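Trainee: Chains as they are written, first to last, in my numbering: chain Z, 7 to 107; chain S, 2 to 615.
Among the clues, some could well be false.
[As the list claims (entries may be wrong)] Facing chain Z, a subset of chain S residues (Cβ under 10 angstroms, in silico): (1) Y544; (2) G583; (3) R588; (4) T591; (5) G592; (6) Y593; (7) R595.
[As the list claims (entries may be wrong)] Simulated DEER-style distance windows between Cβ atoms: (8) Z:M97 x S:T605: 26 to 36 angstroms; (9) Z:L84 x S:G583: 33 to 43 angstroms; (10) S:Q590 x Z:T68: 29 to 39 angstroms; (11) S:I609 x Z:L84: 22 to 32 angstroms; (12) S:L614 x Z:D100: 30 to 40 angstroms; (13) S:L614 x Z:D95: 42 to 52 angstroms.
Simulated from the structure, these hints should not be mistaken for lab results.
Keep in mind it's a predicted model, so treat the numbers as computed, not measured.
For glycine and all other residues, C-beta sits at the position ideal for the given N, C-alpha and C.
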Amino acid sequence: MSVPIPYYLALSALLFTMGVVGVLVRRNALVIFMSIELMLNSVNLTFVAFARQFGTVEGQVTVFFVMVIAAVEVVVGLSIIIAIFRTRDTMDIDDVDLLRG
Amino acid sequence: MPLVLIIAFPLLGWLLNGLLGGYLPRRMVGVVGSAAVGFSFLIALNAVQQPERAEPWVVPLYTWIAAGDFVVRAGLLLDRLSSTMILVVTGVGFLIHVYSIGYMAEDPAAPRYFSYLNLFVASMLLLVLGDSLLVLFVGWELVGLCSYLLIGFWFERDRAASAGRKAFVVNRIGDAGFLLGMILLAVTAGTLDIGRIGERAASIAPPALTAITLLLFIGATGKSAQLPLYTWLPDAMEGPTPVSALIHAATMVTAGVYMIARLHPLFMRAELTQMVVAAVGAATAFFAATIALVQWDLKRVLAYSTISQLGYMFLAMGVAAMPAGMFHLTTHAFFKALLFLAAGSVMHAMHGAIDMRRLGGLGRPLRFTMWSFLIGALALAGVPPFAGFFSKDLILEQAFLRADGGAVLLLWMAGVLTSLVTAVYITRAAIMTFAPPSAHHVAPHEAPPSMWWPMAALAVLSIGGGALGAQSAGRPMVQGLQEFFGLTAHEGAAAPLWLALLTPAVALLGIAVGYFAYRGRRQINLGRVGTFLELEWYLEPLYDRVIAGNAKRVGRVLATTVELRVIDGAVNGIGLAAVRAGASLRRLQTGYVRNYAAAILAGTVLLIGWWLLR
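Generate the whole structure from the sequences, applying the supplied hints.
Mentor: Below is the structure:
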């Protein structure tokens, strides 16, 4: 008895949308960061769902790659956030607008 | 001995004085400059006399341009014509360099002076020796540059600076003609090689030949100060006097005459051009001589006299009497350089004063200078046995024989009349300068030895130079050139005796008229004729108002409207448009992370949408 694939895809789409909305509307850098993780993992879910559906191993391998890279990205991202917090004393992403033309 | 050395020595002198002249003792600078030209003269003497050398002697240097069939080789060409010229250029050049040592002794800018003068000699030799018309043209432009630099030598004086500019601009007009002629020649004959132009001259269509020669002649009128481009030469007298002697009397201004002689295969075939050359020459000779009658500046008298004498040379070129023209070129280099050096000596003694109304009575203190001037004057007037007599007489004789009763007789008459006027104005100049009573309170001093011995040498040449073409001396130079130009001498149709007596008689008459008119330094008021002559036959106001005035007006419009509004406007407009575009685009860069994220999202959605719906 297995869950049919559309359920996975629906959940994945829901998670991804939550991630996108989170990135777009939240101002706390940490929350934005978590939203990005949400998006990555929704994609991961899609990969494993399809991998099980078609009985192939590539999808699962890709997920491992994504996880490893996500871990690396977390290290870099968090250190940037800490650096920002140390220099500007804020977590609010809207206060960091040095690239404004 | 390599022929290239003849150019290399003055170039070396130019570099030495130009780069290190400031560190050398003042005296050394002049010695280096003079020695450079002196060595050139020795090499020239040696080169001309080498019996084993081929005739003509071509020294190829390198291939300059090779474009398909069209090839220009840079090289040097020594034949009878260029031999004459290199001897004149280096010989007279050397004497004038030596003279300059004394003349420029007080000037702190002497190193610059000598380096320019050396560069000039090198350029002039390149012009003379170039075996391709293009090489000749390089020399032609370089002597123009040196002329500009030396006219404006005392550039802190406004008059000198603008005189230099004028010379440059007027020459540019002529050079445009020269360039066009050269291009047309390259297109029709397919070569600029002087040796080959002669071979191909016969195959050029007559209308093209006429156009080529007329265009080249425009170049000659610019460089040799003929009508209508003569105006720069009188102003060129703002330069140091030895420069006037070397560049604006003896050598550079004769480049136009030399160029026509060089290209005689072309010019001899173009009947119409020959008539134009002869007519312009005769007209200029008479025109400039009359103006010289009313000048007060001694150097300007000599300048107009130079224009006039160059007119004689062009008359000779026009009536196919090239040997006579080259002969006159040579003797003129001697006696006109002498006259200028004497004038320079007067200036030196009088602390720069050159207005003849403020001179006078200089015969006693400047005895040597006076005799030099008088020898030059007699040679210029054409009194036998001075050099100028033989050459001028030969030109007039050839013109008369060529005319044979035709229209050219008018040109001959202009020449004879000019001869009369010449004698009058040079007598006037001599009286005004040297005869008592004096109109100044200066105690003049005679020139130092370095100045007077070049004058002495030129005086000897002005007396004896006629032997180069005198009948009794066997005409060594004229005979040689006659063969070179492939002309048969008019020996059979010898000139009538009265003709041989006419020119000296006219010269003596002119001197007598001048003496009685101006004796005791009388200043004659010529009334309206005087005004007419002072205004250069109303050519000066015409040039000044109509041509120069309108050119300036056009220039002002171009400068204020076209330059400032159109060109600057376009450039500024492009810049402004970029700035505005940037200003509006920068608003996209908000600096908010979410805007970038939204843009990425929108882009992704669009891409996926396009991919799904296509």
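Trainee: Could you check if Y544 of chain S really has its C-beta closer than 10 angstroms to a C-beta on chain Z?
Mentor: 60 angstroms, violated
Trainee: Can you let me know if the beta-carbon spacing of L614 of chain S and D100 of chain Z is within 30 to 40 angstroms?
Mentor: 35 angstroms, holds
Trainee: Let me know if the C-beta of G592 of chain S comes in closer than 10 angstroms to any C-beta of chain Z, holds or violated.
Mentor: With a closest approach of 3 angstroms, the G592 of chain S hint holds.
Trainee: Does the hinted range 26 to 36 angstroms hold for M97 of chain Z and T605 of chain S at CB?
Mentor: 27 angstroms, holds
Trainee: Assuming the hint says 22 to 32 angstroms, is it satisfied by the Cβ distance from I609 of chain S to L84 of chain Z or not?
Mentor: For L84 of chain Z against I609 of chain S, whose Cβ atoms are near 31 angstroms apart, the range 22 to 32 angstroms holds.
Trainee: In this structure, is the beta-carbon distance linking Q590 of chain S and T68 of chain Z contained in 29 to 39 angstroms?
Mentor: 35 angstroms, holds
Trainee: Against chain Z, with CB atoms and a cut of 10 angstroms, does the hint on R595 of chain S hold up?
Mentor: 5 angstroms, holds
Trainee: I want to verify a distance hint. Is the separation of the beta carbons of L84 of chain Z and G583 of chain S within 33 to 43 angstroms?
Mentor: 36 angstroms, holds
Trainee: Would the hint on T591 of chain S be counted as holding, given a Cβ-Cβ threshold of 10 angstroms to chain Z?
Mentor: With a minimum Cβ separation of about 6 angstroms from chain Z (threshold 10 angstroms), the hint on T591 of chain S holds.
Trainee: Taking 10 angstroms as the limit, does the beta-carbon of G583 of chain S come near enough to a beta-carbon in chain Z?
Mentor: Holds, about 9 angstroms.
Trainee: Hey, does the Y593 of chain S contact hint survive, CB to chain Z under 10 angstroms?
Mentor: With Cβ-Cβ at 6 angstroms, under 10 angstroms, it holds.
Trainee: Against chain Z, with CB atoms and a cut of 10 angstroms, does the hint on R588 of chain S hold up?
Mentor: Check passed: Cβ of R588 of chain S comes within 7 angstroms of chain Z, closer than 10 angstroms.
Hint 1 alone, counting from the list given before, is not met by this structure.
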